[in-house]
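Student: Chain residues, written in single-letter form:
Number of protein chains: 2
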Amino acid sequence: MKKQVLCLLVCGSFLFFAPAAPRAEEGMWPITEVGKLDLAARGIEVAAGDIFSPEGLSLVNGVVQLSGCTGSFVSPQGLILTNHHCAFGAIREASTKERDYLAAGFLAPSLKEEIPARGYTARITESYRDVSAEILSSVAPGMTPAERTKAVEKKSKEIVADAESRNPGLRAEVAEMFIGRTYLLFLYTYLRDIRLVYAPPQGIGNFGGETDNWMWPRHTGDFSFMRAYVGPDGKPADYSDKNVPYKPRVVLKVATEGVREGDAVMIPGYPGRTFRHMSSHYLAFEQDIRMPYIVDWYGHQIKLMEKMSETDRETALTLSGRIKGLANTMKNYQGKLLGLKRLGLLAKKRAEEADLERFIASNPQRQKKFGGLLTAIAEVYEEQAVSARRELLLSGLRTHIIPLATAHAVYEASVEREKPDLERESAYMDRNFDRTRDRLVRRLKEFHKSTDWFLLYHLCFQAGELPAGLRLEVLDKIFVEGYEQEGVEATLDLLFHRATLLDEKSVRAALAMNPDELRKLDDPFLKLAASLYPEHLRVREEEKKRKGALDRLLPLLLEVKRLYLARNYIPDANRTLRLTFGRIKGYSPRDGVFYKPITSLAGVAEKSTGREPFHTPAGLLELYRQRDFGRFAPEGFESVPVCILYDADTTGGNSGSPVLNGRGELVGVNFDRTFEATINDFAWSRDYSRSIAVDVRYVLWVTQKIGRGERLLKEMGVAF
Amino acid sequence: MKKQVLCLLVCGSFLFFAPAAPRAEEGMWPITEVGKLDLAARGIEVAAGDIFSPEGLSLVNGVVQLSGCTGSFVSPQGLILTNHHCAFGAIREASTKERDYLAAGFLAPSLKEEIPARGYTARITESYRDVSAEILSSVAPGMTPAERTKAVEKKSKEIVADAESRNPGLRAEVAEMFIGRTYLLFLYTYLRDIRLVYAPPQGIGNFGGETDNWMWPRHTGDFSFMRAYVGPDGKPADYSDKNVPYKPRVVLKVATEGVREGDAVMIPGYPGRTFRHMSSHYLAFEQDIRMPYIVDWYGHQIKLMEKMSETDRETALTLSGRIKGLANTMKNYQGKLLGLKRLGLLAKKRAEEADLERFIASNPQRQKKFGGLLTAIAEVYEEQAVSARRELLLSGLRTHIIPLATAHAVYEASVEREKPDLERESAYMDRNFDRTRDRLVRRLKEFHKSTDWFLLYHLCFQAGELPAGLRLEVLDKIFVEGYEQEGVEATLDLLFHRATLLDEKSVRAALAMNPDELRKLDDPFLKLAASLYPEHLRVREEEKKRKGALDRLLPLLLEVKRLYLARNYIPDANRTLRLTFGRIKGYSPRDGVFYKPITSLAGVAEKSTGREPFHTPAGLLELYRQRDFGRFAPEGFESVPVCILYDADTTGGNSGSPVLNGRGELVGVNFDRTFEATINDFAWSRDYSRSIAVDVRYVLWVTQKIGRGERLLKEMGVAF
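These protein sequence lines map, in sequence, to chains A and B.
To convert, note that position 66 of the first sequence is 73 in the numbering used here; the numbers rise steadily by one, no gaps.
To convert, note that position 571 of the second sequence is 578 in the numbering used here; the numbers rise steadily by one, no gaps.
Be aware that a few hints might be false.
Since the list gives no way to pick out one identical chain from another, each pair is judged satisfied if it fits inside one copy or across any two copies.
Lysine to aspartate or glutamate pairs mimicking EDC-like chemistry, simulated, CA-CA at most 20 Å apart [stated by the list, open to error]: (1) K348 / E160; (2) K603 / D694; (3) K348 / E613; (4) K348 / E629; (5) K603 / E268; (6) K592 / E321; (7) K355 / E613; (8) K426 / E160; (9) K614 / D694; (10) K43 / D529; (11) K721 / E120; (12) K554 / E154; (13) K614 / D270; (14) K552 / E389.
Think of the hints as simulated: they come from the structure by calculation, not from any bench.
Use the sequences and the hints to build the structure in full.
Tutor: Okay, here's the thing in structure tokens:
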């Protein structure tokens, strides 16, 4: 089947983009387009067919999606090279106060001692086909926007269910390539037994921590090794000590000689989301309302959690993942806000749209088809702006207060699970419910009573400031007329005191209950979640309405833009397999400063303070002093190269992507962008869009010299 | 006379340094040495005789010392180009809340409206001669260290008095070139009527404020124009509206075409103090005791003053000069502490001295002469370390609390002025007393009651923590058994409430009184100053003892180092006229980063926030947007160059020095070093020693386009 499906794509044509985009480096190219690109001009020596071959094996078969990140198979025994921050959850879960693998690092001396990484999966793309026509057949002209969204959702679910029933063992997923217009059905294999093999100490793998996150020059050894296992029959299986290492069809070769400034690179991976085709109104909403709110609220959470972590290492371990996640997003948004200002992106988009409106008005036929288009889009966002604070607050309640988030999910499960499978929200469909449950249970480990108490207190306080007409009556009722009438603090105390859904067993049990059974639990967070639930439903309905409206409007916007500019577009990133190209290249972040594209061990020594986040293991500094660089300080380098910079086009989800040289060999592991490049989500910039990888020479040097992981180098066929 | 004196120098030879120092860029060369240097190798096209000509006129005659800074004559009408921060005192003094020249800038529309800069002097070097033999003839072998110091001081004063009596109108000063060994007598003309001509708005002249101070990339237009006036007879005179512009013997030509990367530069100026020839013990004392204390104490003062300034612009104006001065020193010390750590200077000096000790011990004759030398030096600093906190605290009381500092000076004047002139401390000798009085009176303008109250409170608190044996009994008595016995706060309240020496009239009157008359004033600060006075005398005696010891020891150290290393030294900077050479050159402050050596207007726009310290005048940003660069954006530059960077060897006192190109034309005004280059005072570093000037093109562009000071460009002969 695969063969036939691919032919549909390759033999057909994606009308919505032209390979000759104006800027060579811009573009997260759908993997199917690689055959149409001028690879030689991009410095790529291997043939298109070696990168992606619809009918045979190619480099991209060595690439997996690893729980939201990307990873590479680097040995015939299923060894996966990815980022430390992608393996972070597994390392933290394996760590305790006494056996602190985050701090000390971890090397499994042999296969047997590799530690199961609960909840991790490795997703391998098997095939895909265009299902736009099928999906859009469900949309009827007279539908309201919300009806439209629901129809598309329902049709997608049907297609997925059908595909999965016809391909046992594979998972099907529909990806929207262009909003409201183009949809692809992907078939994936999910490997479910993933184990931790080697993680360097946090002082290497997360060197620089939040201070250096999104920053260049960088000196983070952000890599880890994991391994995929399958059942003895070679099929995907849950963890079992009977399982055997997975044999990948393609293994990426590691280029021990690394790169030099100006070298070509290409990066296959699963970039998450970009928003380059959205209108100025979307940008304005993000810039003026949503991102500033998130920066504030996340900043508040981080400050609180850092305070809580100061004196107690156990609390610090409990909260480290939450802090990391929040800080990551916050700094990303700060970078975006800076980039938006610096590039004047909003003004540019507005000017572009003003031109577009003139273009539309200048022709009666165009006016008929597109007239009022931008006003209609504006109205969607204007409406959203009115209730934005209220919706953001509800989202905070639903996601950031762990006992309330748990209660919300438990309550929602009880409601959704009573519906027929295909009508449920995706997370509660049978095919997804296991993962939903696992995620929920794993999050309980991050619960910290005082922290969650203060966070809820903060949101209640915010709720008190909502204007009339947008109040959350439920909270008003509880905290103003509340059942305890002893003030917010006492009410919150009771809430946390009586909470019952804080351990794995209770939560797993509650997730199997129907609404009646839940009511009997008499859990105060469940009650609160239930009272807030109608509010959440209203917001969801609003969201579907907005999406339905935009699904109709945005394709029109793209269409008229294409007419006006007479050129085509690459679809926004959507977690599907993409390929991007670039060069090892520095940049000027501001007047008078030039950032070089390769950093070195010397910089690690410079930054090391002996304190977090610059707490380098003493052994590394000693090796540096002794100039014990093994074979990994190539000619012309004063010491071991640590991180590399390139102008390829990446975004979140490219974490862990292999950086390949022109011969298709692995020279680095992508893990971040520069602060200035967070703007990538909205626009690629020749001056500022730079991504960051840990240099493969540092990966190998650390693994050998710090980790004593010679067995892994041997497995990868690396001489040392 | 000049001719004969100079011949002594030029025909003789400075044995203590060799022109062929190992590093081309290192060296603040005494101006007399320029004839011995290979100028062509340094990229200098003009002949040595054009730079310095003992018998005729040369470039250095266009350079003046301007109240602790350096300035250049740039027009035949005595127009002086110097730094904004050098003119700062004059601008602030001319400013009021209503007429805020600091904020708005100032241009005198014509000569008549140029504003007298009270207390400013321009010092012109007339001649000099070596007086080492005369001075050292006063030292007898049997003297104690303190006796030695006093003998040298007395002899110097006699030489000065003699020289001044034989050269009416000139001032004589003795400069110690090598500690305890070499002394030069300089004859200077002091021009005493200096006026403010043009100062850009603070948003240009101090753009970046303390944030950017000591930093690169820099975008500060740190320049101002002043003018020297003389009496109608052409002789130095105090301010009078009858005075006329001074006619400098040499005027520096302004090079409107500016510089490019790699161009040679040379900088004449009056660098203040360096300490490159001191021992490791001195460095250790600075690094471990004195500088950390100052960083703490200045930091405390700054924080307090900033708090006080927050809400009231008048208070902010009152305190701005104090904050600026303190912050400048504090950041300098922070940079030095970083540099010391980074270069491992202390360890290097110690290793050097250990080698030296082995060298001494390896030869009986050397052992006889130099044995125990380093131990003896160590002992001086060990002794100083014991009482360091106490001495630093006393120094804080004597200098940083304005009413107490005033009272101290008034009391000391009454004591000193009863002695014969030549026996007085230098500040109270007849020849210096006017300036001392002026300085004291000017400082009263910086008094701010609450600030000084809190500062004194802080020092009293510190005094309470001194260990037994080092207590300040006077403070203990006042504040513990004190006359009010109502606690420190009440005592301080009374002190400030009853203070009488807070206005110019009272202070001038008090400075004329003898101790008896002062006692009758019954001023509480005077009483406190009098009680503390014996402590100050003891410290001064200690200092003289230490200096006497080191004056004997350090020449021996230099002598044996020269024997050991078989090379010579350039004397440390000592406020005498020096020349340094370099190239326009960037540097790498840390791994992965390269700083380019020329910044531009683009960077000003980037940094501008609309708030202090990045509050660029709107007009400038508008000119940038309109790309109205006049003739000052040369080919290859995207906009007007703003600041330039070079590896010449400078230190404090070089502020305002002209940066000259190979043809001896002015291309910039030196105003700062990089953070990494604060280490210059201890050692020059090829990697880090970089100094900063405002580019002459920015000076001219701002003066023309922002200041509308076309008359000044015309006066300088600059076409626009």
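Student: All hints, please: hold or fail.
Tutor: Hint by hint, here is what the structure shows:
no., hint, in the structure
1, K348 / E160, "neither (36 Å within a copy, 62 Å between copies)"
2, K603 / D694, "both (14 Å within a copy, 17 Å between copies)"
3, K348 / E613, "between (32 Å within a copy, 10 Å between copies)"
4, K348 / E629, "between (44 Å within a copy, 18 Å between copies)"
5, K603 / E268, "both (9 Å within a copy, 19 Å between copies)"
6, K592 / E321, "neither (42 Å within a copy, 50 Å between copies)"
7, K355 / E613, "between (41 Å within a copy, 18 Å between copies)"
8, K426 / E160, "within (15 Å within a copy, 100 Å between copies)"
9, K614 / D694, "between (26 Å within a copy, 17 Å between copies)"
10, K43 / D529, "neither (62 Å within a copy, 95 Å between copies)"
11, K721 / E120, "within (18 Å within a copy, 83 Å between copies)"
12, K554 / E154, "within (10 Å within a copy, 91 Å between copies)"
13, K614 / D270, "neither (27 Å within a copy, 33 Å between copies)"
14, K552 / E389, "within (14 Å within a copy, 79 Å between copies)"
Comparing the model with each earlier hint shows violations of hints 1, 6, 10, 13; every other hint is respected.
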